[in-house]
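2 protein chains.
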Amino acid sequence: MLTVLTVKEAQQRILSSLNGKRTDMEIVPAMNLLGRVAVEEIVATEMVPSFARSTMDGFAVRSTDTFGASESIPALLTLKGNILMGKEPPGNLEPGEAMAIPTGGMLPPGSDSVVMVEYSEVLGNQVAVYRPAAPLENIIRIGDDFQQGDTVIPAGHVIRSQDIGILSALGHLQLKVYARPRVSIFSTGDEIISPAEQPKPGQIRDINGFALSAQVLEGGGDPQYRGIIADEKEELRSGLLASFDDADIIIISGGSSVGTRDVAVKVIDELPGGGVLFHGVSMRPGKPVIYGISGGKPIFGLSGNPVSAMFSFILFVRPVLRLIQGLPAFPAFVPYVEACLETNLSSPGGREDYVRVMLSGEESSGKEILLRARPVFGGPGLLSTMVKGDGYFVIPRDQEGIPEGSKVKVFLF
Amino acid sequence: MLTVLTVKEAQQRILSSLNGKRTDMEIVPAMNLLGRVAVEEIVATEMVPSFARSTMDGFAVRSTDTFGASESIPALLTLKGNILMGKEPPGNLEPGEAMAIPTGGMLPPGSDSVVMVEYSEVLGNQVAVYRPAAPLENIIRIGDDFQQGDTVIPAGHVIRSQDIGILSALGHLQLKVYARPRVSIFSTGDEIISPAEQPKPGQIRDINGFALSAQVLEGGGDPQYRGIIADEKEELRSGLLASFDDADIIIISGGSSVGTRDVAVKVIDELPGGGVLFHGVSMRPGKPVIYGISGGKPIFGLSGNPVSAMFSFILFVRPVLRLIQGLPAFPAFVPYVEACLETNLSSPGGREDYVRVMLSGEESSGKEILLRARPVFGGPGLLSTMVKGDGYFVIPRDQEGIPEGSKVKVFLF
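First to last, the sequence lines map onto chains U and S. When you line the first sequence up against numbering that gives the first Met the number 0, it's residues 0 to 412, in that order. When you line the second sequence up against numbering that gives the first Met the number 0, it's residues 0 to 412, in that order.
Simulated from the structure, these hints should not be mistaken for laboratory data. Treat the hints with caution; some may be incorrect.
Where chains are identical, the list cannot tell them apart; a pair therefore holds if satisfied intra-copy or between any two copies.
[Unchecked claim] With a Cα cut of at most 30 Å, we get these calculated DSS-like pairs of lysine-lysine: (1) K408 <-> K86; (2) K86 <-> K7; (3) K175 <-> K406; (4) K286 <-> K406; (5) K86 <-> K286; (6) K408 <-> K232; (7) K175 <-> K232; (8) K86 <-> K406; (9) K199 <-> K408; (10) K175 <-> K7; (11) K387 <-> K232; (12) K265 <-> K408.
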């Protein structure tokens, strides 16, 4: 139980313990879908667009009628009328005819192309076309966006602004999504007091309860801050059990000392239907991570050190939050900024090292300048390294340091 | 007025028209601060931490008492008692003494170092120390995180999880932040109907109203979708004016055809105390952007084409949203993923080209694989290019194309 795992091993143990657990489903209106995860695939129930449209102001034509047209010998077509926005065209387009059409207007049957206003001229009841129009030029065909039956939103897709747009194009005013995971958050430790109180010597205000709640929110969850609980076996146990029905994930933070860590491990291990799956991960900061499960619910025991707790959240809790709300545990693409390390940096080796850095340098007038990354001074126990830092990069386990001038991938906080 | 600006010129005109306008201020509790922007600098009103703490389980000592200690000749110190979590130590530490201390415990006056449990042993009422302890080893001093008077949160800083953590450490349970900008969103165009309706031939459901509302939300604003308004001068004018008091920014989308664009331009230009500042930007997609101001309020006329409207939002509305909620208009660091372009790509040149791409390839077992970017097939008028795309990259104005295999910076949607 005290074996120290690598970050990857720990992540694998956590994820495989979940057995594909998901939160409940709920129906959410389109306007509130941003960031939510679709339970089911959405298929286009109609063509998008449902009619052929012009992408330019001009004249709907049969392209064959314009072949060979030029400035000197324009094609002369009969102007058959105007197409109005939002209305059906006044009739079919017969050979030798043209209809005026606005951008977004519906093409008349028979037409296959639009000549831009710029290349045409109305002469009485005729239109002179000064350039040949290619078939399909300046038009969007029926179903060019999505054909009926096409997958529009795959199952497990996180809804972005454009997805809300296409849902409204299809008249899909609501969507079945996974509920936001409810995360119960306890702080423990005899030295911890409420942030509303004035600490006596030896006491500190609760940091983790608030910082972890914000991380849960950021990760798409619904944080439920349960306050401070004594690191005493019976109280911890009854507190955890009382929150079980309303929580999908439980986090206890605190108990950094061996004695209190032991209490947390023991309590989690003795919960009904589960036990501690590991205790300790070879990373810096964040080593004393406890992970257990009870009744199928993941339970994390994070360090009382806020920096450790926050990195443990990023590495271990966030993947669970993602997974149970229907996403892959790890995103396929994680954006970063590349920066040049300003100093030599040694790392203990044998564990992953999460280095907080401040970034400087900006792109100026389009010219690209490589950013500079400066490690934030201060030990792993200092929250100021997170507050002053813009992000972090990772020194892998098998590396004992990294030389000045190296390019590093910085993940922004 | 019909001069077409570059993207940068347009951005500069917009930002300089705002005269440092900000939204109102409001007081928000710590738990709800994520993503909000601090109005005022927060200064540490006390030391963080407020007492010297141990970062290890072990013994508080005077480091000078341990100099020269070794496995064979340990330093023998008098065990003076236990320090309890959250309590003051039982007294001062005199020369030759040690006190047991847990991680997070308060150091007794007189001590300057902590010897880890691993390098010490209790022998009756004595502690044998088998290694010299360096001064300040395994301790966090008073104020190591923040000294009283230090800037903790600068003015204009966007609040992240760790910032909420440090605020709670300081007992700062609320913060003065800028209000979320209220953005009125109108859709216009005779072909546009409510997403709740069934379109007749030539009609399409409103996409932009919903997609832009989601973009506003994503950008930290408070979207107010005002529905569909006829692109008729008097109606547009009275609709805009009616929303003025409740909005910090106004967006009209639609009116892609020259005629309706002209109506929007005219209406915005004739609003009291302002006028149109530009009309048209050399970019693809998104050219027909109208920007005006009335009574100090920015008004955007975006294309009816959803792709154009969304990119115009990213390039022009988002910087305004940022600026008026107290942030720099453009973030100093914008994360991206680097990818290898899968095809040759031509670009019209003379305008910035925003290319939607699908990404593929993943990091596998720690080995880094360069992602591949494949442009999404389809014209700039197709929303499916945004829905199928993972992100976009930019081909600058002075470039007429980009060869297969080029490395591009992809900004994720």
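Verification of the hints:
no.: 1; hint: K408 <-> K86; result: neither (54 Å within a copy, 43 Å between copies)
no.: 2; hint: K86 <-> K7; result: neither (59 Å within a copy, 38 Å between copies)
no.: 3; hint: K175 <-> K406; result: neither (43 Å within a copy, 38 Å between copies)
no.: 4; hint: K286 <-> K406; result: within (26 Å within a copy, 37 Å between copies)
no.: 5; hint: K86 <-> K286; result: between (67 Å within a copy, 26 Å between copies)
no.: 6; hint: K408 <-> K232; result: neither (43 Å within a copy, 52 Å between copies)
no.: 7; hint: K175 <-> K232; result: neither (41 Å within a copy, 40 Å between copies)
no.: 8; hint: K86 <-> K406; result: neither (58 Å within a copy, 46 Å between copies)
no.: 9; hint: K199 <-> K408; result: neither (42 Å within a copy, 52 Å between copies)
no.: 10; hint: K175 <-> K7; result: neither (32 Å within a copy, 41 Å between copies)
no.: 11; hint: K387 <-> K232; result: neither (37 Å within a copy, 52 Å between copies)
no.: 12; hint: K265 <-> K408; result: neither (39 Å within a copy, 49 Å between copies)
Hint compliance for this structure: hints 1, 2, 3, 6, 7, 8, 9, 10, 11, 12 are not met, and every other hint is.
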